[in-house]
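*Asks:* This is what each chain is made of:
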Amino acid sequence: SQTIHQWPATLVQPVGSPLSLECTVEGTSNPNLYWYRQAAGRGLQLLFYSVGIGQISSEVPQNLSASRPQDRQFILSSKKLLLSDSGFYLCAWSVFSGLNTEAFFGQGTRLTVV
Amino acid sequence: GQQVMQIPQYQHVQEGEDFTTYCNSSTTLSNIQWYKQRPGGHPVFLIQLVKSGEVKKQKRLTFQFGEAKKNSSLHITATQTTDVGTYFCASTNAGKSTFGDGTTLTVKP
Chain S
1 SQTIHQWPAT LVQPVGSPLS LECTVEGTSN PNLYWYRQAA GRGLQLLFYS VGIGQISSEV
61 PQNLSASRPQ DRQFILSSKK LLLSDSGFYL CAWSVFSGLN TEAFFGQGTR LTVV
Chain E
115 GQQVMQIPQY QHVQEGEDFT TYCNSSTTLS NIQWYKQRPG GHPVFLIQLV KSGEVKKQKR
175 LTFQFGEAKK NSSLHITATQ TTDVGTYFCA STNAGKSTFG DGTTLTVKP
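Note that the protein sequences, when read in sequence, are chains S and E.
Per our numbering, the very first residue in the first sequence carries number 1; after that it's consecutive.
Per our numbering, the very first residue in the second sequence carries number 115; after that it's consecutive.
Hints are supplied without guarantee of correctness; some may be wrong.
To be verified - If you want the footprint, here are the derived chain S segments under chain E, 3+ residues with CB under 8 Å: (1) 39-53; (2) 75-85.
What the hints assert, rightly or not - DEER-style ranges, computed between Cβ atoms: (3) E:Thr141 x S:Arg42: 22 to 28 Å; (4) S:Thr112 x E:Val198: 36 to 42 Å; (5) S:Ser67 x E:Arg174: 41 to 47 Å; (6) S:Gly41 x E:Gln117: 18 to 24 Å; (7) E:Ile161 x S:Val60: 25 to 31 Å; (8) E:Val164 x S:Ser57: 36 to 42 Å; (9) S:Ser57 x E:His126: 35 to 41 Å; (10) E:Gly130 x S:Thr28: 40 to 46 Å.
To be verified - Straight line, CA to CA, 16 Å or less: simulated EDC-like cross-link-like pairs of lysine to aspartate or glutamate: (11) E:Lys150 x S:Glu102; (12) E:Lys184 x E:Asp197; (13) E:Lys222 x E:Glu181; (14) E:Lys173 x E:Asp197; (15) S:Lys79 x S:Glu22; (16) E:Lys173 x E:Asp215; (17) E:Lys210 x S:Glu22; (18) E:Lys171 x E:Asp215; (19) E:Lys150 x S:Glu59.
It should be emphasised that the hints constitute simulated quantities derived from the structure, not laboratory data.
We treat Cβ as the ideally placed atom computed from N, Cα and C, and that holds for glycine.
Could you put the whole structure together from the sequences, leaning on the hints where they help?
*Replies:* This is how it looks when you write it as C-alpha cells:
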C-alpha cells in the first residue's frame, strides 16, 4: 500500500533562518507531487507541483523553492524565512490515471516563524 | 487554469440540522473531488464526480455534479458532532489539483 511521510510535524524557526521540509512517498512510482500551504483557518494554496524528477512548477512567486531529487522525494526549501512564511505545509501525491485523480496528503508540518 | 470558488466560508449548525456547501467554477470542470479536513488534521479524500449531473451518496452525505459541470454541492443530512471540519472541493486538470477555500462546519451539540 502507498504511504506518504512528511516531517517534521512542527517547527519553530527564527526569521532569516533556512528551511528544509522533506516528503517521501512509498508504494507507488512516478507520482505527481505537490506542496500546499494553508494559513490558519484558510484554504489550500498550491505552491509547487512536480510531474517527474527535476520537473517543478511554481504556482505563486514567493520566498520558497522546491526540488525533486528522486522520484518519490519532494523537498520544500527557503534560504531565509520570513514571518509571512508561517503556516501549515502539506505535501500530497497523486497518480493521474484516466479518471482517477485522488490526492493523498501527508500529516503536514506546522511552521511558525518567530 | 481552473479555479473553484466555495461558499459559504463558515457554517454553524445545531446538531441534527442539514448542511450544504457549494463549489462553483466559471469554466467547465473535468472532475470534482471533495475532501474533509478535521481540526488539526490533513485533508482526506471523500469522493470524486466526473459525469454531468452525477449524484453519489455516502451515508448521510450527498454529492452532486451540475449538468453543465460548472458547479457541485455536498449536502449532509442531520449533522452530527463528528461532521465538524473543513470541507474542500477540488478539481484536477493535467495532473494539477486546484482546491477551493473550503467551508468550515461547526456543530452545536
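*Asks:* For each hint, tell me whether it holds in the structure or not.
*Replies:* Going through the hints against the structure:
Under a criterion of three residues with beta carbons nearer than 8 Å to beta carbons of chain E, the stated coverage of the region 39-53 of chain S is upheld, 7 such residues being counted. Using a Cβ-Cβ cut-off of 8 Å, 0 residues of the region 75-85 of chain S lie near chain E, which falls short of the minimum of three, so the contact claim is violated. Remark: the range hint 22 to 28 Å for E:Thr141 to S:Arg42 is upheld by a beta-carbon distance near 23 Å. With their beta carbons about 24 Å apart, S:Thr112 and E:Val198 fall outside the hinted range of 36 to 42 Å.
Against the hinted window of 41 to 47 Å, the Cβ-Cβ separation of S:Ser67 and E:Arg174 comes to about 43 Å, which satisfies the hint. At roughly 20 Å, the beta carbons of S:Gly41 and E:Gln117 sit within the given window of 18 to 24 Å. Checked against the given bound of 25 to 31 Å, the beta carbons of E:Ile161 and S:Val60, roughly 28 Å apart, stay inside it. Against the hinted window of 36 to 42 Å, the Cβ-Cβ separation of E:Val164 and S:Ser57 comes to about 24 Å, which falls outside the hint.
Checking the proposed 35 to 41 Å range against S:Ser57 and E:His126 shows it holds: the Cβ atoms sit about 38 Å from each other. Take E:Gly130 and S:Thr28: their Cβ atoms lie about 41 Å apart, and the range 40 to 46 Å holds. For the suggested pair E:Lys150 and S:Glu102, the alpha carbons sit about 13 Å apart, so the restraint of at most 16 Å is met. The straight-line distance between the Cα atoms of E:Lys184 and E:Asp197 is roughly 26 Å, outside the 16 Å bound, and the hint therefore fails.
About 34 Å separates the Cα atoms of E:Lys222 and E:Glu181, which puts this hinted pair outside 16 Å; it is violated. With a C-alpha separation of about 12 Å, the suggested pairing of E:Lys173 with E:Asp197 holds against the 16 Å cut-off. At most 16 Å may separate the alpha-carbon atoms for a hinted pair to count; S:Lys79 and S:Glu22 meet this at roughly 15 Å. The suggested pairing of E:Lys173 with E:Asp215 is violated, with an alpha-carbon distance near 25 Å, which exceeds 16 Å.
Taking the CA atoms of E:Lys210 and S:Glu22, the gap is about 20 Å. The hint is violated against a cut of 16 Å. Only pairs whose Cα atoms come within 16 Å are accepted, and E:Lys171 paired with E:Asp215 is rejected, the gap being roughly 23 Å. For the proposed pair E:Lys150 and S:Glu59, the alpha carbon gap of about 23 Å is over 16 Å, so the pair is violated.
Checked against the numbered hints listed earlier, the structure breaks hints 2, 4, 8, 12, 13, 16, 17, 18, 19; every other hint is satisfied.
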